[in-house]
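For the sequence shown, the UniProt record's numbering begins at 1 and goes up steadily by one.
Think of the hints as simulated: they come from the structure by calculation, not from any bench.
Each hint should be verified, as a subset may be incorrect.
[To be verified] BS3-like cross-link-like pairs, simulated, lysine-lysine; straight-line CA separation at most 30 angstroms:
| no. | residue 1 | residue 2 |
| --- | --- | --- |
| 1 | Lys102 | Lys72 |
| 2 | Lys166 | Lys102 |
| 3 | Lys116 | Lys102 |
| 4 | Lys116 | Lys126 |
| 5 | Lys126 | Lys166 |
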Amino acid sequence: MAPSATETVTVAPVEAVAQQVGTIRLNVQENEEVDNGPSYPFYYPYLDPNEKFPPTEIFEFTEPGTRADPAKPNLLANATVTDISPYIGTEVTGVQISQLTKEGLDELALYTAERKVLLFRDQDFKDLSPERQIEIARHFGPIQLHPTSGNVKGYPEFHVVYRDAKRDPIREYLGGDRVSQTSWHSDVVSPTSAAHRIADIN
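Using the sequences plus the hints, can you model the full thing?
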């Protein structure tokens with residue numbers, strides 16, 4: 001006799017699982033031994049609660065990817081690309097973003113729209129002048145200022161997310177006994193088409 005196509009599986013009630021998950025506590029201790037401070041002090045977050053920004057104005061905008069050559073010769077001619085998954089995420093090596101021409105930046109915008117997330121390692125962005133970083137970022141559109149979180153002193157165009165062994169604003173805000181610190185929110189009504197992140201992990 002053939003086995004039954006349907007088998008009954010006993011599943012724990014959701015309430016019981018939720019109670020068990022609720023009792024888990026994170027055991028994260030500060031590392032008193034290691035406190036090197038920020039690798040790049042220039043980027044340490046600065047927050048002036050009295051700093052005010054003008055309201056965002058309506059503006060005309062052309063997505064830079066619409067100007068790009070679909071073959072991306074200025075971006076990918078000497079690059080190696082590795083797709084992280086079939087539909088989203090690609091690691092690109094052999095490209096220094098700061099050295100791209102305007103045409104290369106247009107192609108970067110198009111490639112970002114196509115792959116959604118691009119990973120570039122060993123970039124020199126953090127070592128560029130803030131003015132040059134802002135110039136590159138503005139190629140992709142107006143920069144959204146974030147008045148309620150840290151920036152670089154004198155450069156409100158930067159949005160700084162910083163944590164170390166002594167200071168963890170996410171834990172301070174969400175509490176230290178959460179199983180997950182994953183949450184979703186939106187800071188702005190009209191989010192930017194692209195965001196650049198620099199990760200410094202030491």
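A quick look at each hint next to the structure:
1. Lys102 to Lys72: holds (12 angstroms)
2. Lys166 to Lys102: violated (41 angstroms)
3. Lys116 to Lys102: holds (20 angstroms)
4. Lys116 to Lys126: holds (22 angstroms)
5. Lys126 to Lys166: Holds - the C-alpha atoms of Lys166 and Lys126 are around 23 angstroms apart, at most 30 angstroms.
When the structure is compared with the earlier hints, a violation turns up for hint 2 alone.
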